[in-house]
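Please build the complete structure, drawing on both the sequences and the hints.
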Amino acid sequence: MGQRKRSSRPTRPSSVPEEATRSRADTAARAADTAGGTHMFPSDRDSLKLAMDGGAHPFPMWLVDRVKPALIVDVGEPLGSAYLAWCRAVQLLGLPTHVYSLDIDGTGAASEHATAEHEMLYAAFSHAMQLPLDQALEVFPEGSIDLLIVPATGAHTPASLLDAWMPKLSSSAVVMIRGPLGEGSTRDAWDTMRDRYPSTEGDEGRHRLLLVGADAPARIHDIFGTQDQGRAIATSLRSYENEGDTQDTDDAGRQMETVARRLSAQSSELDDARRALAEKEHLLRQVEDSRMSYERKIKALTRALENADIASQATLVNLREARAKVDELLGSRSWTITAPLRGVTTAIRFTRDVVKGSLRVALSGPRRIAARGWRQTMRDAAQSLTHPRSALKRLRGDTTLAGEKPVYTLSPPPPATTRLRQRVLIVAEMSLAQCLKYRVLQKQHMIQDLGVDCTVVPWQDVASARDFLQTHTMVIFYRVPGFPPQLETIRMAKELGMPTFWEVDDLIFDAELYKTNSNLDDLHKKVREGIMRGVPLYRAAMLACDACITSTASLADVMRSAGVATVHIVENALDGETIRVAEEINVSPKKADGLIRIVYGSGSASHDTDFRQAAPAILNLLRARYDVRLTIIGSLNLPEAFSAFDTQIERLPPSDYATYMKRLGNCHVNIAPLEPSVFNDAKSNIKYLEAAILKLPSICSSTAEFARTIEHGQTGFLASTPAEWEEALFRLVEDAELRRQIGQKAHDHVAAHYTPETMARERVEPILAPFRRFQKDRLRVLGVNIFFEPRSFGGATIVAEQVARRINAGNDIDYAMLTSLPTSDVHPYKVVRYQSSAAEVFAMGLPFEGNPAFDFDNPYPTIAFREILRAWQPDVVHLHSIQGFGVQLAEVCQAEGIPFVVTAHDAWWICARQFMITREGKYCHQRKVDLNVCAKCVVHPALNPYRQFRLHEVLSGADRLIVPSQFFRGLYVDNGFNPATTVVNKNGVVAPRRRAERSAPSGRPLRLGFVGGEGPAKGSELIKQVLREMPEHTNYELLVVDGALNLGRRVIFESTWSIPGTLRIVPAYTQDTIDDFFEGVDVLLFPTQCKESFGLSVREAMIRDVWVIATDAGGAVEDIVPGENGDVVPLEDDGARFKEALRRLLDDPARLDGYRNQHVDMIRVFDEQAAELSAMLKDVAARNPVDHDPLVERVPLDLRGA
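Residue numbers (UniProt numbering): 1 to 1202.
Worth flagging that the hints you see were computed from the coordinates, not collected in a lab.
Computed from a predicted model, the values in this text were never measured in an experiment.
One thing to keep in mind: the hints can contain errors.
[Unchecked claim] Ranges of calculated distance between the beta carbons of each label pair, as one might list FRET restraints:
1. A752 <-> K526: 44 to 50 Å
2. P945 <-> M1162: 36 to 42 Å
3. G1003 <-> P1031: 20 to 26 Å
4. P852 <-> A991: 24 to 30 Å
5. P945 <-> G810: 31 to 37 Å
6. A935 <-> G1154: 52 to 58 Å
7. F1053 <-> G810: 43 to 49 Å
8. I569 <-> A991: 55 to 61 Å
9. M532 <-> P847: 38 to 44 Å
10. A809 <-> M1162: 21 to 27 Å
11. A809 <-> P1031: 49 to 55 Å
12. M532 <-> R651: 28 to 34 Å
[Claimed, not checked] Taking lysine to aspartate or glutamate pairs in the DMTMM-like style, the calculated list, with each CA pair at most 20 Å apart, reads:
13. K745 <-> E495
14. K986 <-> E1132
15. K830 <-> E1118
Each residue gets a CB set at the ideal place from its N, CA and C atoms; glycine is no exception.
Next up, the structure:
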């Protein structure tokens, strides 16, 4: 046994000394019973003999017997043989004395053997502490110490210690100075103390005694008496110092025999202690496993709280800003001026709504009256006069939630079981404490113990339940009624390829059998009717699912008879909380009041009929035995006959689980009566399990589950008749040993068969195993792009789609995408999973946020993103374009241990103006961004420094910074990013399906194309200027792309262009129509006013033999060879150079007759880009292997704070 660890503070800082103070009165009273003088105590010889017989040192034995101290304090003595001598003396004399060893210097080391002896024999009254002097003084009340032992040498002198401890000494205190004094000041101090107090010295001056107390009785004064007395003390001191060497041979022999006997007994005790230690070590390992589980739970809670805190702060900021804007609007002059107009508009709208609504009501009147009755229809019509919109919706039967209709039709994804790591979602009724514990949280822990992630969400939170469906592979609906939204959730789960299970632990799905529960008769009529109305709802949900889970074989049979093909039985088990609570209770003694308690636990108000099964037997027992108490925990209406035994009935209110178990453990016999019925045959054996783990014997009704679980007469008693109840009760009440035996056997039975590990392995694993179909056979990458099919907006989105499509066409990488959808299609920050033509997609509802910081630092997407990571398990995350999602996605990757790479398609990461276009519409020519310059340009100058530092910090943590051109690589390196990890992955384009065959431009108008859209940034104004300055040239046709036409609206109009030649406004091309578009174009105009990262449309045109005239726009012109496949004009061109290049072609269009781009090999296609990117991603994954840990506990949503 190792050295005992001493605490820095005493376990009981004040209660022990106070107890010692109280025991002093007992000691004094005992002494008062004898006559005065020294002869009322054993003589020195008697003390010595008792010490030798008991194996104790003579001097401590003699001194303790004389002083009769209630409290001994040994200062400066580590746990060793000298200190144990005081303990041994106290034990042999049978005194109510407390002994303290105080190591105030912190230098002493207790011996291993002394520690073992102390723990085994003296721990009940002896306490070893290590703490500084000032703290040690605080432990003891004033006037409490009767015997103080201090060292003669050390960091503190005897005189200083005596002064420090003086207030703590009692009126009869004796102080012992241990060890030789030496010479000098210490010797002088002793002489001073001798003059102040009666004293005596031991042999050769090794030990000294002082009588400090002024009111010591005669037996103590005698110690400091005659010279002969002093010699006797000296002899005893030598015995103490030399451990009895001065005793004669016979005494030594007897002492050896005594020591041998004690050693033999101690050896046996040590064997028992070793066995106990082994059991404790096993228990400690279990506790350590539980501790690790709770640490994971704490981490999950901490993360949830952090997210909730961030979200709440952001919400408050938004609220303050919204209120400020509303106040500003309401106080504005325009609001005041337009008030009359708003009043007229409101009145018109009100009248219109009433008229339209009334017409609809008139047309639907007969139907409404038939459905809702005449009176209710009239009430609805009357309400429409004051609340037209809401009331008329009810009148029309429109009870759907207000909201936009979905815009996009999404294709179903592949089955969840094959695409996602196995994760189980439990959609549950969480308002019933016992059900939550035994059927929800217990199952969650079992599933997680099997290495499978599990999330719990309340069934009423439909949006969250559907959100979690997207990131789980199986779903259990526990006690969920079949309201339309819940039935739709079940349908959605099936569409996602998820096996669905419905679970319940009673007969709430069968109306006829549920009525066999006579306890219903004890409920209020409205409550009873409400319960019965729910039965068909539960049945509908049950039959909508693929399979069922229940707690008993009887319930499983009823489910099968109702039409459920597959039913799994998962009995209730003993979870970690129950076992830990039970272990604490089992080592605590029951109340020692001579009473025997029969306990009945009632979980609800519907058990009166059940209790009446045992009532006659209990009445007879109370009548026969006044020492028996009926303890009722919870609500129960007793029969009238029990009123005669009120004094024998104890009622305890409902409580938390730990308190309930403690109350249960303080009783002696547990009863679980149930009325015989099909309903009760379906009930589980929880009452037996809870009592059994507390070693409490149970008497239970002979229902199916109790009969299956209990071995009658061995692990409990079964009773079906009043006589059987009475026999079992009297047997257990009258035989304490029988109670102990039955309780122990019951405990051993449930500990062997109902542990969560056993239940998880034997019951839960067979449910999960058939659906463990996910095989991760390729490297997995999750991309993030703000848009994705079907919202294919922008060049970055086209690149993301095309690259994902080609990577997935290979065999070595599985590439999925996180994107956004409008909140008309997905709830804000919730997720839907679907399949696009390019990749599997997780789409998050991304609302507009008024807080400008949320564009780059949005806290809300993190929870859903983390769920996606844990479900899809990527080896690398590729942040492609994350405006609106924000950089906290990268921090989630870091927290999950997943490397991430970033593709920078623009300057968003280094400039609040994404394309570095100033307020004046000009390119900002900063090469290294200067915040002082930016402060004069950005929309939120106060926010910009934080934005810059925040984004720089996150981007610096990327394993790769990928850019599409050499120009952009230089820009990011110049702004402080690592050249070694900043790499170029040149964008590709879709290769033409055919070679363009154009008629000769010399024989027709030259066809010009512009795809940049309206606005100064892309150069539309420069084109207008140049063409208007050449009125002599009309031999051209200009095709201007209006991307809004694909959405059914227009943003570009002929009236704003007014050019001499022909103008055609056309829809944007797609990747399917790109060849047709460019086949109708000879020259692409690309007069952008900013430095582009790449210029996708330039490459799309050039690879299709289209000449390009472009401003010097960074990465956009890297593949242009001036004069051979296009022209490059200065970015700051005022129009002269652009006009010159265009005029050359208009003057001589024959230059383009039969034109072919001779440098087409400089243009990269998407296949090449995808191959290079794949190699980069593989390299990152190889350098940063990911350990996906599924055992991170999911907190029930109502605890998540989100």
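Honestly, do I569 and A991 meet the 55 to 61 Å range at C-beta?
Cβ of I569 to Cβ of A991: about 60 Å, so the range 55 to 61 Å holds.
Do the Cβ positions of A809 and P1031 conform to the proposed distance bound of 49 to 55 Å?
Since the Cβ atoms of A809 and P1031 sit about 52 Å apart, the hinted range of 49 to 55 Å holds.
Between the beta carbons of P945 and M1162, is the distance compatible with 36 to 42 Å?
The hinted range 36 to 42 Å holds for P945 and M1162, with Cβ atoms some 41 Å apart.
Range hint compliance [Cβ, G1003 to P1031, 20 to 26 Å]:
With Cβ atoms ~23 Å apart, the hint holds.
21 to 27 Å was suggested as the range; check whether the CB atoms of A809 and M1162 agree with it.
Holds: the Cβ-Cβ distance is about 25 Å, inside 21 to 27 Å.
Quick one: are M532 and P847 within 38 to 44 Å, going by C-beta?
42 Å, holds
Starting from the hint 44 to 50 Å, judge whether the C-beta atoms of A752 and K526 obey it.
Since the Cβ atoms of A752 and K526 sit about 46 Å apart, the hinted range of 44 to 50 Å holds.
With the threshold set at 20 Å, check whether the alpha-carbon distance from K830 to E1118 stays at or below it.
42 Å, violated
CA of K986 to CA of E1132, is that 20 Å or under?
Since the Cα atoms of K986 and E1132 sit roughly 26 Å apart, the hinted pair is violated (cutoff 20 Å).
Using the beta carbons of P852 and A991, state whether their distance is inside 24 to 30 Å or not.
41 Å, violated
Using the beta carbons of A935 and G1154, state whether their distance is inside 52 to 58 Å or not.
Because 54 Å falls inside the window, the suggested range holds.
Under the criterion that the straight-line Cα-Cα distance not exceed 20 Å, is the pair K745, E495 satisfied?
Given that 20 Å is the threshold and the Cα spacing comes to 50 Å, the pair is violated.
Of the numbered hints listed earlier, those contradicted by the structure are 4, 5, 13, 14 and 15.
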